[in-house]
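Protein chains in written order, with the numbering used here: chain A, 1 to 329; chain B, 1 to 328.
Some but not every residue of chain A turned toward chain B, in silico, with C-beta under 7 Å:
id: 1; residue: Q29
id: 2; residue: T38
id: 3; residue: D41
id: 4; residue: N238
For lysine to any residue, the following SDA-like pairs were computed, each having C-alpha atoms within a straight-line distance of at most 20 Å:
id: 5; chain 1: B; residue 1: K100; chain 2: B; residue 2: F291
id: 6; chain 1: B; residue 1: K243; chain 2: A; residue 2: T170
id: 7; chain 1: B; residue 1: K327; chain 2: A; residue 2: G134
id: 8; chain 1: B; residue 1: K163; chain 2: B; residue 2: S152
id: 9; chain 1: B; residue 1: K324; chain 2: A; residue 2: L79
id: 10; chain 1: B; residue 1: K327; chain 2: A; residue 2: I135
id: 11; chain 1: B; residue 1: K243; chain 2: B; residue 2: D225
id: 12; chain 1: B; residue 1: K318; chain 2: A; residue 2: G147
id: 13; chain 1: B; residue 1: K243; chain 2: A; residue 2: Q166
id: 14; chain 1: B; residue 1: K327; chain 2: A; residue 2: L138
id: 15; chain 1: B; residue 1: K123; chain 2: B; residue 2: N95
id: 16; chain 1: B; residue 1: K160; chain 2: B; residue 2: E150
id: 17; chain 1: B; residue 1: K324; chain 2: A; residue 2: L133
id: 18; chain 1: B; residue 1: K327; chain 2: A; residue 2: Q83
id: 19; chain 1: B; residue 1: K248; chain 2: B; residue 2: E268
id: 20; chain 1: B; residue 1: K169; chain 2: B; residue 2: Q184
id: 21; chain 1: B; residue 1: K243; chain 2: A; residue 2: E155
id: 22; chain 1: B; residue 1: K243; chain 2: A; residue 2: S32
id: 23; chain 1: B; residue 1: K169; chain 2: A; residue 2: S299
id: 24; chain 1: B; residue 1: K243; chain 2: A; residue 2: T164
id: 25; chain 1: B; residue 1: K324; chain 2: A; residue 2: I135
id: 26; chain 1: B; residue 1: K137; chain 2: B; residue 2: G53
id: 27; chain 1: B; residue 1: K324; chain 2: A; residue 2: A151
id: 28; chain 1: B; residue 1: K72; chain 2: A; residue 2: L138
id: 29; chain 1: B; residue 1: K100; chain 2: B; residue 2: D293
id: 30; chain 1: B; residue 1: K292; chain 2: B; residue 2: D69
id: 31; chain 1: B; residue 1: K324; chain 2: A; residue 2: S150
For the record, the hints were derived by calculation from the structure and aren't laboratory data. We treat Cβ as the ideally placed atom computed from N, Cα and C, and that holds for glycine.
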Amino acid sequence: MDQLVKRPEIGAMLGALLVFVFFSVVTEQFLSVGGAATWLDDASMLGIMAVAVALLMIGGEFDLSAGVMTASTALVTALLATQLGLNVWLALLVSLAFALAVGALNGWLVMRTGLPSFIVTLGSFLALQGLNLGITRLVTGSVQVSGMRSAAGYESAGFLFASTFQVGGTSFYVSIIWWVLFTVIASTVLMRTRFGNWIFAIGGAAQSSRAVGVPVVRSKILLFMTTAFAAWLVGSINILRYASVQANQGIGLEFQYIIAAVIGGCLLTGGFGSAVGAAIGALIFGMARQGIVYAGWNSDWFQLFLGVMLLAAVLVNNMLRRRAERVRR
Amino acid sequence: MKSRLVIRAGVALAGVALLAACSGPTGTNSQQTNNNSSSQASGDLKVSVITHGTAGDAFWSVVKVGAEDAGKQLGVGVTYNSDGDPGAQAKLIDNAVSQKVGGIVVSMANPDALKTSIENAVKAGIPVITINSGSAKSAEFGAMAHVGQEESIAGEEAGKKLKAAGKTKLLCVIHEAGNSGLNQRCDGARSGFGGAVENLQVDISNPTDIEARIKAKLQSDAAVDGVLALNPQVAVNAASAIKGASSKAQVATFDLNADVVNSIKSGEVLFAVDQQQYQQGYLPVVMLKLFKDNANTLGGGKPVLTGPGFVDKSNVDKVAEYAKNGKR
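Isolated chain B, as found in the complex:
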């Protein structure tokens, strides 16, 4: 029993060594399709989607569904991997390069950490499309295109909309410390809103803390009449905080879920900024397929914007159907 275990460990080690040898800086011959047993492609194009989303994040779940839907419809083999740690994400890219995939889709929350890996992929002849964040560095690294929403533009539009709704002081709730995209949204909101905008840090894994902290802020500053949540769960917590503090503030949020949809219907939430991230998964797969079959490119060197779209009382019913299926 024990010896069998040793043999098995030895085989595994040998496999790792083999893999390590493959990932050396040699891969210039990208035309070659590899047919080894590890491939699970349904068509002859294999696309690797590598994001910085953490497992369990509602937002990235929709991106994944988008990429997989496109893969199914176009007969493209799509694999999805993610790691919030930039170093680990870079390794996932290296891994995809060593597997000689036909295309890589990558979100760049931390572009500099991914630079070498992405450039190596491009050097190896693999077309790369960046999504979600990192549009400023996309072309510089040699990516074919960028599909996403400009966080600061989205924030700015949200700020403008809140101002138009007559708000004078805004609370911008950041639920993940150190996420640059969330800070860009708040900064954008600040410039679009014009009036006073204050940031508040909360912990996404503790809903009671989110509610209590927003409530405390509302109690200590009666001038706050708008809360901008950057996550639908936070929006729900904010709505109950407002009730608890008997404040007159109203909530607006980024992204959707079923509860936010209901709150928009009932008027508790003013609107949701929707970056339609389903497209950030779906479109790159289409673009890579078109590039392979027809040498097409999209965007003309400019980012392809998937948002901001807005969901408010006027269109909430239609969107609600799709949110239920995890596609909005």
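Chain A on its own, in the form it takes in the complex:
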């Protein structure tokens, strides 16, 4: 029991179980295969980002530009494919390069200026939002880019990012597999590699880890690039699934990523947390969001319920962590 309590994701697991049981009892559809496909899909898109954001938070930094980045990458891909007639695969590669460059810039600025990442990425959040809107309008005369379906390479790229697979006669989106895959990779890196150790070290105490030879600057820049990569993945899934993207997409989602990571046991101050926890945090989010719809509750109260639930989850987490810290001593 004491060993279990030390794990950062244990609070989130209990919360997830609670939400799962609650909506399974209250509603009919929630526990069905079709129901699972729905809330898993919602959780997967949030979860891919939450896992990357969790790694960054364990490393002691924030990325407020993460939400808008999902729109930026989708816009770059869509503009290149529909306006310049690029093959979708090539467009995806260019937008990946763009995303990694923005991530590296974020990281470099944070390390170079010594400003809090909260401020730096708030700046890139606003800048990207402006670019998304300005460039989209300049090029298309509208604030949406659509028409991806007729671009070359759409179908094969769509197969990788936006196809569905059948389980028991129900279609599941492939984004769920991406989510699981990304979580497994992130968790392995975090728990089993030297780089993972570095992340914990620089998030807990950047100065002393620098002193023992951890490449702090390079590691943090890599973490920002990981977030940007996840944003590219989500943006690509979105654009290939819906074939159109609106310039104001993604705004406000950055907070959901952070919330999911926090529910999953990440500390806002860095140095503690887990990738699996963040994925479970996203799962709670998805289950609650869709569970409310299945329950047929008046959607006006939706945000209130979410807020209360999140607060409860974090409080439970906090309690468990305090206990864990007592156990450690």
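Assemble chain B onto chain A, guided by the hints.
Chain B alone, transformed into the frame defined by chain A:
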């Protein structure tokens, strides 16, 4: 370097102070044309269009294009500003009054918050035309005319059309919490449809959430056979939700984009309610120009309606051409 920065900041501050002095409640002399360096009018009429649309909204983009097109064609200087916050929108109106523009076009999503500002504009002798929403208060505030679509009428017509298509239970998807126009559309649909209509709240910035939530609703209530989206992006998400839930429901939507046009062609979307908002940008500029040159007015005190028009299989090809250019 630093001292230069201080000087620059000082100059900026002085400029702000000067501007503040100008915007005091004095502007009765509206005849005077001002020729200061901040004006960028191409003709001698300057029109300020001030809406409540948020930046990045496809709908308002078309309104802006309409106003700018009219400005170019008539040689009227058109500036477009928008702010979703009613207080900030009121300040934009005050700002236009202090610049002594020749006409103000304003959308009134929240009429009461704009009352004082609009009345001050009218007092200053600036003709005001309201657009899009707020027709009930337009004349009361002293506006010259209102150009728009009655949201409840549009909703009602959409409801009637869905009923005629044989639908029995409707889902009305609201994508912006707290937007009164969207609620009016759903209420209108309710009265036009006659049958059961349920509202569903989604978040426009998260397409996965929109799709999942509509899908969840369809799964939990098999009786729903019609989805009314109030935004073209939501319509596309709804269509894929219907596929995912293997539901028999059909989508109808407000407003157009290229994807909706294609979905209408393929029969995935039944019809789109088109309020032809290009006209809501274009017509007020024409009306202000006519008023200035010829003292003409339009509408006879009643709102000038730009919709609802409907786009369905019968006329979609023609409309598609214009939607591509961001004018429909």
